[in-house]
Amino acid sequence: MSAVISDPATASQSPTWHVASRLVHNRSFMIGAGLVLAIALLTLFAGWLAPFDPLRSSFRTRLRPPDATYWLGTDHFGRDILSRLLFGARISLTIGLLTALATGVAGTLIGATAGFFRPLDNPVMRLMDALMAFPAILLAIAVAAVLGASVPNVIIALAVATTPHTARIVRASVLIVREQEFVEAARALGATELRVLFRHVLPNALGPLIVRLTYVFATAILAEAALSFIGVGPPPPAPSFGSIIAQGRDFIAEAPWITIFPGFAIMVSVLGLNLLGDGLRDVLDPRMRT
Amino acid sequence: MARPILEVKGLTTTLAGGTITILEDVSFGLQPGEVLGVVGESGSGKSMLALSVMGLLPKAVRRTAGRIVLDGEDLAALSPDRWRERRGSDLAMIFQEPMTALNPVMRVGDQVAEVLRRQGIPAKKARQETINLFRKVEIPSPEQRVRGYPHELSGGMRQRVMIAIALAANPKVLIADEPTTALDVTVQAQILDLLRKLQKERGLSLVFITHDLGVIAEIADRVLVLYAGRVAEIAPVRKIFDNPQHPYTRALLASIPEIDRPRGRLVTIEGAVPSIGAMPKGCRYASRCPFRRDICEQESPRLGLVSSDQAAACVQPFGFEKPQEEALA
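Chain order of the listed sequences is A and B.
The first sequence begins at 1 in UniProt numbering and counts up one residue at a time.
The second sequence begins at 1 in UniProt numbering and counts up one residue at a time.
Check each hint, because a few of them may be wrong.
[Stated by the list, open to error] Label pairs and their in silico Cβ distance ranges: (1) A:24 / B:186: 19 to 25 Å; (2) B:186 / A:16: 29 to 35 Å; (3) B:17 / A:148: 50 to 56 Å; (4) B:155 / A:30: 31 to 37 Å; (5) A:181 / B:290: 36 to 42 Å; (6) B:259 / A:27: 54 to 60 Å; (7) A:226 / B:43: 42 to 48 Å; (8) B:122 / A:118: 23 to 29 Å; (9) A:147 / B:43: 55 to 61 Å; (10) A:179 / B:81: 20 to 26 Å; (11) B:58 / A:238: 54 to 60 Å; (12) A:15 / B:17: 40 to 46 Å; (13) A:24 / B:202: 45 to 51 Å; (14) A:16 / B:122: 39 to 45 Å.
[Said to hold, decoys possible] Stretch by stretch, here's where chain B covers chain A in the computed footprint (C-beta under 8 Å, at least three residues): (15) 171-182; (16) 253-262.
Treat the hints as calculated values from the structure; they're not laboratory data.
Beta carbons are placed, not taken as given, at the ideal position from N, Cα and C, and that holds for glycine.
With these hints in hand, go ahead and build the complete structure from the sequences.
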């Protein structure tokens, strides 16, 4: 009989462990994770790494091209771009992360409600469709314009804009999981509907959501830049990727380094997150499973 | 006879607002400690019967008549929430597909312990009891196994876990819906042996659903034959095999291949089960029945006693006339 069972020594290999071991062998995931980790560390230790105070302005050093002292040059107030980028990443990444978390919570609640409690499906999802009819960035601009320019408001605006799609993804995967036999089996053991939802359905429906949230993270960084660029982003003088670009706009011909480097920072962050998301999708997406 | 632990009376379920009948006037009793085998082809309503008793009918299916009396209490009269409380305590069910009936992201031990915890057993004791139950269902090295996940277990082992979950509920009635169908034959035999052993040991009252007459012969005390949503025959297992009264039961038995019979074409029952949307007026088996008479197409025969413990729904059960073997082949 021992022939039909696997070796008990491997018995504690959880699905999480299983997924982790496959992720390690996924090149896209590893490159993405490496980039994101590097950016996160740079951001975290910005206080030590930054050569200058990101807010210190000096007329004498204005618009310096990159050199040995100012690695990435200075802006029109003479502030060091490298220092501003390191600190700016804090705000940009915080906005991205918190937007992803807020969207994750809101999208899960809304999507799970729609997918699990069928009578609510139509009203809830039609509302989400209505929100989706607006381009996300337009919706974010409108919300940010109404609430005023501040970091929390930008997060709210972006969360509102990205929630409908997230809710739709969660709903779709809840719809699949709820029909599986172990859900019926849980009911046959007397589980309440809420218990079925939170303990049996949602944990099995989270894969696509995790993938989606890495894209929301990346999208939020881009969108923050866009909002800053048109002046409804986090207010100056605190730097963010978007606000550094916005301020460098007027000097783009004479001092292109002000805009090029934050643009590059955005590109690397988004690239890293997207690679991370692609890798996660390869491993988590049921359609890709063998 | 003692009072039945489970009694189903006149159970009728319909689909799509009452136009299509799935189960019609199904009645049976289950004695304490008895194994009732339910046989029927695909679509005969076996699983619907199980789900009706559990109170887990799909939304589109409605119970339009009938009582489901568990230990003197009519479940059908309870609120959905009270019925839910009966599941996992008085009622438990083993599903057909052990590969999909366990939550893939939960440790199997936790899935058993969850049922124990619902009975108010503290976590530590529930863990210990889970290991005992794993031992009971003959899972090797239970201490390690409880921490495993479903994907690490073979089909047979998963079905043992399902049985452990059902035992954890300590139910008055256990419903097993084709618990061996998805397994290899050798594993099937192991699981059947285990179920029979546990049933004897614990005096389980078991409703065992299957389409496999061989399995029925192994485990059942009495047999209920379902055809197209109606009870065709109900009798002790010996009488079903030795002296079947309904032509359908007879045809089913004749279609079991036998090793010592000369090889040839497999015996089949001519025709097919009428589709559920287009049931004939009279006996639902009439179109396939070699003993059909005019009256069979006019009115549906009621389930009538042929002897003290055998009933068949046929206008002319075999007790009255010796059937001819050729007609069946």
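Going through the hints against the structure:
no.	hint	in the structure
1	A:24 / B:186: 19 to 25 Å	38 Å, violated
2	B:186 / A:16: 29 to 35 Å	33 Å, holds
3	B:17 / A:148: 50 to 56 Å	54 Å, holds
4	B:155 / A:30: 31 to 37 Å	35 Å, holds
5	A:181 / B:290: 36 to 42 Å	39 Å, holds
6	B:259 / A:27: 54 to 60 Å	57 Å, holds
7	A:226 / B:43: 42 to 48 Å	58 Å, violated
8	B:122 / A:118: 23 to 29 Å	37 Å, violated
9	A:147 / B:43: 55 to 61 Å	59 Å, holds
10	A:179 / B:81: 20 to 26 Å	23 Å, holds
11	B:58 / A:238: 54 to 60 Å	57 Å, holds
12	A:15 / B:17: 40 to 46 Å	42 Å, holds
13	A:24 / B:202: 45 to 51 Å	47 Å, holds
14	A:16 / B:122: 39 to 45 Å	27 Å, violated
15	171-182	holds (count 3)
16	253-262	violated (count 0)
In summary, the structure is inconsistent with hints 1, 7, 8, 14, 16 from the numbered list given earlier, while agreeing with the others.
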